[in-house]
Structure formats: structure tokens, C-alpha cells
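Peer 1: If you want the building blocks of each chain, they are given just below.
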Amino acid sequence: MKKLDKHYDVIVIGGGATGAGTARDCALRGLKVLLVERFDFTHGATGRNHGLLHSGARYAVTDRESATECIEENMILRRIAANCVGDTGGFFITLPEDDLAYQQTFIDSCRAAGIEAEAIDPALARQLEPSVNPDLIGAVKVPDGSIDPFRLTMANVLDARLHGADVLTYHEVTDYIRTGNRIEGVLMLDHRNGGEQIQATADVVVNASGIWGHLLAEKAGVSVKMFPAKGALLVFGHRVNNIVINRCRKPANADILVPGDTVCVIGTTSDRVPFESVDRMEVTPEEVDVLLREGIKLAPSLATTRILRAYAGVRPLVASDDDPSGRSISRGIVCLDHAQRDGLEGFVTITGGKLMTYRLMAEWATDTVCRKLGRENAKCVTAERPLPGSEQQSSDSTPVTAGAKASVGRHGTLAANIPASTGSDRALVCECEEVSVGEIEYAIKNLHVDNLLNLRRRTRLGMGTCQGQLCICRAAAILEKHDSCVSRHLGGIRQFVNERWKGMQPVAWGDNLAEAQFTAWLYGSVAGLDVLPPTEEMK
Amino acid sequence: MDFQKENISRHNFEQCTKCTVCTVVCPVTPINTKYPGPKQAGPDGERYRLKNPDFFDEAFKYCLNCKRCEVACPSDVRIGDLILSARLTYSKGKPSLRDTMLAETDVMGSLATLCAPVVNASLAMKPVKYVMDRTLKIDSHRQFPKYASTKFETWFRRHAAAEQSKYSRHISYFHGCYVNYNYPDLGKALVAVCNALGVGVRLLDRERCCGVAKIANRLVKEATRDAEINIASIRKALADGSEAVVATSSTCCFTMRDEYHHVLGLDNSDIRRSVTLATAYISKLIERGDVRLVFRDDYRRRIAYHTPCHMERMGFTQYSVALLKSIPGVDLVVLNPNCCGIAGTYGFKKENYETSQAIGSRLFTEIENVRPDFVATDCETCKWQIEMSTGIKVKNPVEVLFEALDLDATRKANNLTI
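Going down the list, the sequences are from chains A and B.
Heads up: the first sequence is residues 1 to 539, going by the working numbering.
Heads up: the second sequence is residues 540 to 957, going by the working numbering.
Don't read these hints as lab results, they were simulated from the structure.
Treat the hints loosely; a few may be bogus.
[Stated by the list, open to error] To give a feel for the contact side, a few chain A residues facing chain B, derived at Cβ under 7 angstroms: (1) Thr262; (2) Gly510; (3) Phe518.
Every residue gets a Cβ at the ideal spot worked out from N, C-alpha and C, and that includes glycine.
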């Protein structure tokens, strides 16, 4: 077994927004940090949600505390993560079948939570957002927006690294190093290097692993009761709307339509699922049905817009700590110092919450860590300090050529580091999402890229209309140039194609099915990938 | 709701399955690296433009609007229309003086025909060409088509209109700017051939330029005004008993049939099928057994037929080819379908000259190898380009018919006593 030489102040488990945010906060406060992720960043719930920059309005009536947290974090993220945020604004619309009286309750609750909410004339709403259901009888304008969770998480990782943090992906924590009632480090499995076992030690271990935190707490011998709640979503082929559309009623299925980058996303459903299923979420025909049926009430043209794929994530719902039966669920942030709660030293769990409040969760977790380490005077600066790439609004930077606009949108000020001097730097790998060879090279060198799936999450490679049909083999060739490992990237291509098909399969009809068939011909019949012997493929 | 049946995209660009055949057939992409190619500029770029119009790229002006991408597309994506519409919607700045002059074919033609000899002599003079090259950026290699002293419309009114009422069936002839201002002989040939087949020819009450040059140069308002006048005139002509509105220019025909609706958004659905090309109209008359053609015994020619891009888009090539093949003395070679590169006013612009000639080079080489007596084609700008680039004469198939037909015998064969 290999042992890392360095002793850390803190090991953060989980490469989602919360884990990355916690690693950043800890690093900014001068701690020696190791961030560990079992697969890739944003592999869990962070990468499988709406990408909605909540104004908090959705929770205003039912959960004042969450609403207030949301609007505060909303305003902070606009400052610190400008490059990850789309300032679209949002509507809460009332349809003829809804109770218009609810609108006033809604507006009052929003204002009480500090959320700007203004009723506007339905005619004006139609003018501002032509895709909205023209039958609407009411509309309230709120400061909703979109947020890109992949960029947000990566920016946190980059900043953590800039401030000295070490980062390991594809390292799964399998157990803890423990002495008596103290956790002193972790045991990890390196998924890349044939499952090598590695030890790392630290004064504090932070469990920031979303729904998997339940299991990681169990391994540490403490109980954090969580309930996996599945949420399914559909991605449409282009932006039908440019303003977020919600229903002005109590939260229900498929009542949010978010425009994000080149697509728009309708969601979600909400169903409790067993723990055994959290690693293989599949979207059912019934879910597709309800998402479309409800979605077209927000924007009727969704009915005749191509659906690219379906996906589902798992919300970590946490039982209120004084109710071990789990009947009372909190949607708020849960930060547990297990020394106080369970008498287990060196172990902190941060969970609950939502993507919107990841920074606040990180702040709470880091406060707890600092208290435990006796470093209370290290103050949190994450509410003020912009993330890498978001140091200035990209709009006032120098004009860029049309081909590079998409990458500036993705990387903000960091796009200046993308090679673009030669024709081949500028040549497109992913044509649907305008990802250049230069951008791929930049990602491989700087953004923890080891395989095609990493590249997708860093750049949007393969996330467009063709779902990887043309770009996978090109990107694999560039990866292969860096490590000369042909068989691994051949396996990677197969893995990528299958992963894309998983999302296309629930909506495989019409143009989408033709696309998938064409991809199957290319990679199966022409390239012969389906007769290739098994190669090393990572989860 | 059965989503598999109902959820079919109505967005034409979403039908693209990214097969990229459009970019493979694009004449510009391999030659001008500034042009992103039809897939990128069309369906791919459309998604980005819906997100943010800033993603529009001025390099789309390098598109020829040849529509070869649309012919190749297996999914019926109107790629050329997407690119053209993006240019019309998002391109910034007003069209330049040069572009306006090139596009305003009616205005320029009307002025030029008033003093044709002077204009023709001037346009051919080296100093004039030099000045136009430097100030207007109209490439000095180009030869402007000569202007006629008498417009076709004037000739028709004076010499042909009266006798047309003697015929029992009629068409209306959309002569277009080229025939009217530059080459009335083609119009005269059309009248003579139709008359010999027993078909009287009328002109539209008001004919304006089809608008193709205005559309290409982003003069949308002006193009729409002309199109509306033409559509109204065509409607009236059909109501007055013309059985078709016939053009001798494939591009005029194509513009009125497809671009009016797809690009300008006008409703031409009631007249579209009645707007056709002369060779298509005549072929169908022959096919139905309505008319007989008698050719001269002494007509012997080796002809190379060039398919204009818009002819290919309309699917009309077969008609012109069949007519030419039916002439006993004709040795016809159908050239490979390559764009000639001029694309209307595109090739006249200094910045496009080299691209234009490079695109056409394959066609020019093939023509030189075939060594025909002349080239036949249905498009006037292809004619200018091929004549300038190969020195070989180019004729419209209607002119070829006129030369090859024994008009008197044909009239007799069609039982005409007029």
C-alpha cells in the first residue's frame, strides 16, 4: 500500500460543487487540503440537475429559510461566478387551471424573503418571452437565472489548486484510518492504476459526498440518515426560451424550464428511490411522459422541439437530526461535527442543501473545520473573491472571433490561455458546441482530464445535437497523442457512445433516433467497435 | 398523447443528423478557409444564434447561395436558406454603394439602355474598369454584359404583342432583367419557338426584377416590394388565362418558386406550381403529345450542357437535357455538376474574384477538354462566367431550339394556319 508523504489539515471527500467549494474555502483560509473524488468532478447530483440559478422564489411560500439562503447566494454567485451565470431572469406564470389568488401570497412571501418579485401584464410576459404559454393569466418576474454546474465546480477546483490544494480524481475512499474515536485519514482505491490502495492522513476529514455521504458516514461508524430522491429531466435541442419559466403554484413535477447554454432543460420529477439504485439512475417512459406533458404547459413549442436526452440525479434529502425515523425531512443545509454529535473526532459531514447554496455549505463546513483545528481567526472570503475565469465580465474584454465565442463563454477570462494561433488550434473537434482543438488541449493540460467523459464535462464536447457522433473519435485521437494509450481510448470511445445512448434511449424517436442510428453505423458497423474485445474502461 | 408520434421537431434545422455531406459538396469550403462551411454556418450555428445573435459570423457572406448543400442533404434541411436568412437578419451595417448598384438591376438597366452604346463602350474601357476596381471594388477582370439599345419589353409591344391573341393557348413570359436590358434576342427566340408550337406569349402587367440580387445583397425591403408586385402580376396573368408563367432564367424561376417563401416569407403557394422554366414547360407539352417539333436537317453541333446550381435545386435539369438530346444533329455532353463560381453578383466583387475562379476551375477544365462548339445552360450569370473564363460561347437551350427548329415545318406539324 502506498502512503502519501504529505500530512493534510483536511481531506475533503466528494468532487461535487460542495466538496470543491469546501476545498477552495479551506485552501483560501490557508489549510493544507486534499480533495478526493471517486470518479470525476460533478459525477453525482451536481452534474445532474436543472442548472437553475434559483432566486429562491420557488421556496418562498413553503420554506422561508431556503428562500432567503437562495437569494443571498444568488446575488453572491452573480458577483463571484459571473462566467458560470446566465442572467436570464425568471417568470412564475399562472395558467387558467391555477389559482390566481396564489399569486399575491407568492409575491408577499418573496418580498418577505428579500426576493424582488413583480407582477407583470401577461401580454408583456408574452412579448418578453415569446415561447411562454399564451394562455397565461398571470406572470411574476423574479431574479432567476441559469448556472453551469460543471464550470462552477471546475472553477472552485482550479482556485483550490491555485491555493495549494492537492486534487485526486478516480480515487474512491474505501475506509478510514482510525485510532480509537478519532479519524486520522482515509484509505483510497485508485481506479486508474489497477486499483492500487493509497493512504492519506489528515487532522480532519470532511464528508461532502452528497447521497453517498450516507454510506461514507456508515463506514465511519456514525449514522446520517439520508433519503435518495430521484429527479428526472429532459434536454431539448436548442433554447426554446431565454427567460426561466416556472409555474406559480406549490412546487410540483416538471414546472421549471431553464435555458442553459445552447439548450433548455425541463424538470423535474421527485420520487424516493432505494439506495441500491443511486449508481444507475434510468429515466422511465412514465417520467418522460409527465415531463413533456407538464413542460408543454409552460412552453407549448416544446411539443415540437427535438429532445436530445433524458437524465436523472439523486437529491440527498436528510432526516432532521432529532428524528431518526426519517419522517421529518429537512431541505436545508446540514453540517455535522461528529465529535459533538457522536463523539467521533476528526470527522465532519456537510450535506443537504442544494447547488445554489454550495458556497454557504462550504463556508459552514470550513468554519467547522477551522474551529476544530483552532484556526477560528481564518475568515471566509468566498463571498467576495471571484472564481478563476470570472474575474471580470467577459463582455467587456476584447472582441473575439466568432469561432472562439463559445469557448470564452465556457472559460471566461481563462479562455485567453486557449491556443488559437494556428489553423489546427482553431479547427473544431465538437462542431455542435464549437469546441476547438486548442480548447481540448487546454483542458487536457489544465482541467484534470484523463478521458473523454472528463472532456465532456470540462468543455461541452459531445453535449450538442449529435451527442458525440462526430467529435468522439477526434477527441480520442488528441487524448491518445498525450498518453499513447490506444486501447484505453478505444474503450473510452465505446464508453462514451454507450453513455450518450443511455440518455438518448428514453427519447429515441424521430430525428433523435435517426441520429443515434447513424452513430451506431459509424462506430459499430464502420469502426467495428462492437466487436472489439473488452478493454480497460472506467466507470 | 403519443409522444413518439407527436414530438417531431418542426424546426427545420433540428432535422440535421450531422452527416456533413453538405460541407463535402460545398464549392466554397475547400477554397475559402474564412468560410465555416454550410453545416457550421447553417444548422449548427442556428442553435448558437438562438442563444445569442452575436454568434452570427460576417464570413457567411462568402456563401454562394448555390443550394448544393440542400440538394445533398438527406434530411431536407434548408441549409442555404438558414445561412441566407441569418445574413438578412443579423448582418450589421447597410449594404455598400457597390452592392446596391449591382443589386438594383432594374434601375441600372433602365438607365443604361437609354444610352447603351456609351455605357457599353465605357464599361469595356480599361481606365473605367480600373476606377471601378479601385473605388467600387468591382473586379477589373469582369466583363459587364452589354446593354441593348431597345428593351425587350419595348420590342415586344411594338412587334409581337398584337399577333399573340391569335393563339388559342397562352403563357406569360417572365423575361427577367437580362433579357430585357441586355439580351432581347433570347426573348425573341422564346416568342418564336412558343408561337411555332401554337402557344401565344404574353408579358406580365408589371414585371420587376425577381429579386435574387437584392436578396443576396441584403436589400430585403426592396426585394420584398418587387416580389409582391411579381406575385400579384403572376396571379393576375393566371386568372386571365395564361396556363403558366415561364422564365428562361433558372435563377429567376427558382427565386420566385422558392426564395419568395423560404427567405422573404411571402405566401406564393397558389402560384408556385405555375411558375416554371421554358424548357420544363415545352418538355411537358411534348410529353403530353400536345405539340410536335420538326428540326432542320442541316443542324450539326457538339454541345456541352452545364447545370446551373439553382437548376439542380429545382430538379429541372432533365427537361433541358431531354430537349437538347431530342435534336437529331446534336452531340450532347452533360458536364459534371460543378458550380461555375460566379453566383450572380458574388463574382463581380473584388474580394470574391479569386474564390469565384477557383470554384469554377474544374468546370472550365472539363469544358476545355470536351471541346464543344458551344456550351448550353439556363442561367445568364453562368454564361458570363463561362464565356469570360473559357472563351467558349454559351447559349440558352431556348436559343438552341430556335436555331435547330424548322419553324415553318413545326408550325405546319402543329396544324397552325395563322
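Peer 1: Decide, hint by hint, whether the structure agrees.
Peer 2: Hint check:
1. Thr262: Interface hint status for threonine 262 of chain A: holds (5 angstroms vs cutoff 7 angstroms).
2. Gly510: holds (5 angstroms)
3. Phe518: holds (5 angstroms)
In terms of the numbered hints stated before, the structure departs from none.
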